[in-house]
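Starting from the structure of chain A, add chain B where the hints point.
Number of protein chains: 2
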Amino acid sequence: METAFKNYRELIDKRLHSFLEEETERSKYCRENSKYPYTLFDPLNYIMSGGGKRVRPILVLLSCEAFGGQINNAIDAAIAVEILHNFTLVHDDIMDNANTRRGKETIHRKWDVNAAILVGDELIGLSYRSLLRAKTENITGVLRAFTDGVIEVCEGQALDKEFEVSADVAIDDYKIMIRKKTAELLRTSSVMGAIIGNADENGIRSISSYSENIGLAFQIQDDLLDVIADEGEFGKKIGGDILERKKTFLYLKALEILDGKRRDDFMFLYNSPNSSEDKIKQIVKLYNEICVIGSAKDEIAAYTAKANKNLECINNNSAKKLLENFSDMLLNRSY
Amino acid sequence: METAFKNYRELIDKRLHSFLEEETERSKYCRENSKYPYTLFDPLNYIMSGGGKRVRPILVLLSCEAFGGQINNAIDAAIAVEILHNFTLVHDDIMDNANTRRGKETIHRKWDVNAAILVGDELIGLSYRSLLRAKTENITGVLRAFTDGVIEVCEGQALDKEFEVSADVAIDDYKIMIRKKTAELLRTSSVMGAIIGNADENGIRSISSYSENIGLAFQIQDDLLDVIADEGEFGKKIGGDILERKKTFLYLKALEILDGKRRDDFMFLYNSPNSSEDKIKQIVKLYNEICVIGSAKDEIAAYTAKANKNLECINNNSAKKLLENFSDMLLNRSY
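Residue numbers (my numbering), protein chains in the order written: chain A, 295 to 629; chain B, 295 to 629.
Since the hints were derived computationally from the structure, they do not count as laboratory data. Check the hints yourself; a few may be wrong.
One copy or any two copies: either way a pair holds, since identical chains are not told apart in the list.
With a cut-off of at most 16 Å between alpha-carbon atoms, the simulated EDC-like pairs for lysine to aspartate or glutamate come out as follows [unchecked claim]: (1) Lys329 x Glu319; (2) Lys322 x Asp466; (3) Lys540 x Glu458; (4) Lys322 x Glu456; (5) Lys329 x Asp467; (6) Lys429 x Glu458; (7) Lys469 x Glu593; (8) Lys591 x Asp558.
The structure presented is a predicted model; accordingly, all values stated were derived computationally and were not measured.
The shape of chain A in the complex, shown without the other chains (with noise of 0.2 Å):
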């Protein structure tokens, strides 16, 4: 299924490090041979040089295709929203205190904090300087798509880090804040794609809500394969999200359920900072006792199903083909 999308992600590769090579240099022009702004271009181009999956682009693209637009006018709002995306990373590393990310340093750790604040403010700047390049009569609706995904991001982060200290986080609580902190970027990807393919504002509608859907599922999966993957394959630590006592979609069903006592000693162990395999190992036989996993199973479904009714208004056959294997690309991951 990779490979149906490889050649996307050599066209974004490559704009993207052309775009960042020229950057690079013309920042070199405010001296001469100059090194400067070294703290701000070596860290920057480090992130960006660390590969990613290139989702968000490659749904720009498919989306712009799937309205029978142009690979060509789509390229550039493409790589603003993987430049935007890498500033999340950067910034968010800090908030969370991450030492590695991609299996490589983190910027804070490598460099310092003050490195990856401004590298992450300068990433903002550059995506905005590639999107403006986007080749479509209606800028300013891509322009004001990208922006909503500004804000909806920094919010769901925001929400994210207030839930890790609130006692009083539901279901929906944390659907808002997925939908803000995940599904908000991929949402902004599609519709930015379909606007530059000339879409409808049914098509727009259409494929937003797809995106939207998709990004919910591929949260909740998140949260799932951290307790059922492969730890080999999936490339993290089985139980990373217990340990650090993330208030995951797992963790907020198994309160709903639970009652009582029972619940009392849920919520007590989940919360403690005991980090032995031990804990981890109960903590995953309840969630299948109680079902939780499969609970989990069905949310991821029915976003899915969602997602893919969405994709019925679009006529090109082959487009739709390509939008379906992306979110298996995104969903089938391994577990």
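Okay, now just chain B, sitting in the frame of chain A:
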């Protein structure tokens, strides 16, 4: 002089207030009667209500009027640049480890670094949202100018931090840095105003140079006021830059003029961790002896003269008068 801009300031504050109120309410819709995301909007409204001279938004409005444009078309761009300016303050304060701003605790002190990072990020998003409401046929031009501003201030801040730890900084480097860090947002402001006011290319070029020159004069004067201002009126401690061992215009000019043992002694004293009143006195005395104070005054006068010359192409005499008043407001600060 200040009173000439009272009406502008009131208009700006009113629009800013209603925009932020609307956004704060919108953010709460994520959950009915929710206080979320309070970690974002509490500090955001705190910094935005902290006052400030509204220099940049006033310049947007004046530049629009100078070419016959309507203020009403430019007001959303005006508050956009004020919001963006506040983003730079919040993030710079983290990087500079500043405890207070406009007499109040900085966000990263009163809340924490995470809150301050996120508030800055959100402010960028909100600034673009407001900007996209500017009424102009060339919204792309306005957005390009604004995005150049975002990128240049980030790079200016990077250079500023790099120069702090570099032994190899010349006056030319300093000028590149202040052009990016201080002058650029003024330039951005005037260019946006001029575009919205339907200025021709020539007009845009002139007002762009005007504001850049004013910005350079303003920053050099800021350096100068640090050593010659009246403490009460200026509101800062005399010699603050000296105690922070900042590479100001005066310091770099002194290094250019001095040589041999005198130069070594000066560098040694300036960069010593000594923070006595005597150190400040000795350095200010030297600055006077070697005419560094005079050089700074000459530079300010030269940039101001250049700026005034840039205004010659503006035919609207009352608008020109207001821009001259604006330079006065910015430059004839208490000293």
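Structure-based check of all given hints:
With identical chains, the CA atoms of Lys329 and Glu319 are at most 16 Å apart within one copy only, with a shortest distance of 10 Å there and 45 Å across copies. In the homo-oligomer, the alpha carbons of Lys322 and Asp466 lie at most 16 Å apart only across protomers (14 Å), although the nearest pairing inside one protomer, at 48 Å, exceeds that limit. In the homo-oligomer, the alpha carbons of Lys540 and Glu458 lie at most 16 Å apart inside one protomer (7 Å), although the nearest pairing across protomers, at 40 Å, exceeds that limit. Proximity of Lys322 and Glu456 under a CA criterion of 16 Å is satisfied inter-copy only: 14 Å between copies versus 40 Å inside one chain copy.
Taking the shortest Cα distances, Lys329 and Asp467 sit within 16 Å of each other only across copies (12 Å), while inside one copy they are farther apart (47 Å). In the homo-oligomer, the alpha carbons of Lys429 and Glu458 never lie at most 16 Å apart, since the shortest distance is 42 Å inside one protomer and 42 Å across protomers. With identical chains, the CA atoms of Lys469 and Glu593 are at most 16 Å apart within one copy only, with a shortest distance of 11 Å there and 58 Å across copies. Taking identical chains as interchangeable, the C-alpha atoms of Lys591 and Asp558 are never at most 16 Å apart, the minima being 25 Å within one chain and 71 Å between chains.
Checked against the numbered hints given earlier, the structure breaks hints 6 and 8 and satisfies all the rest.
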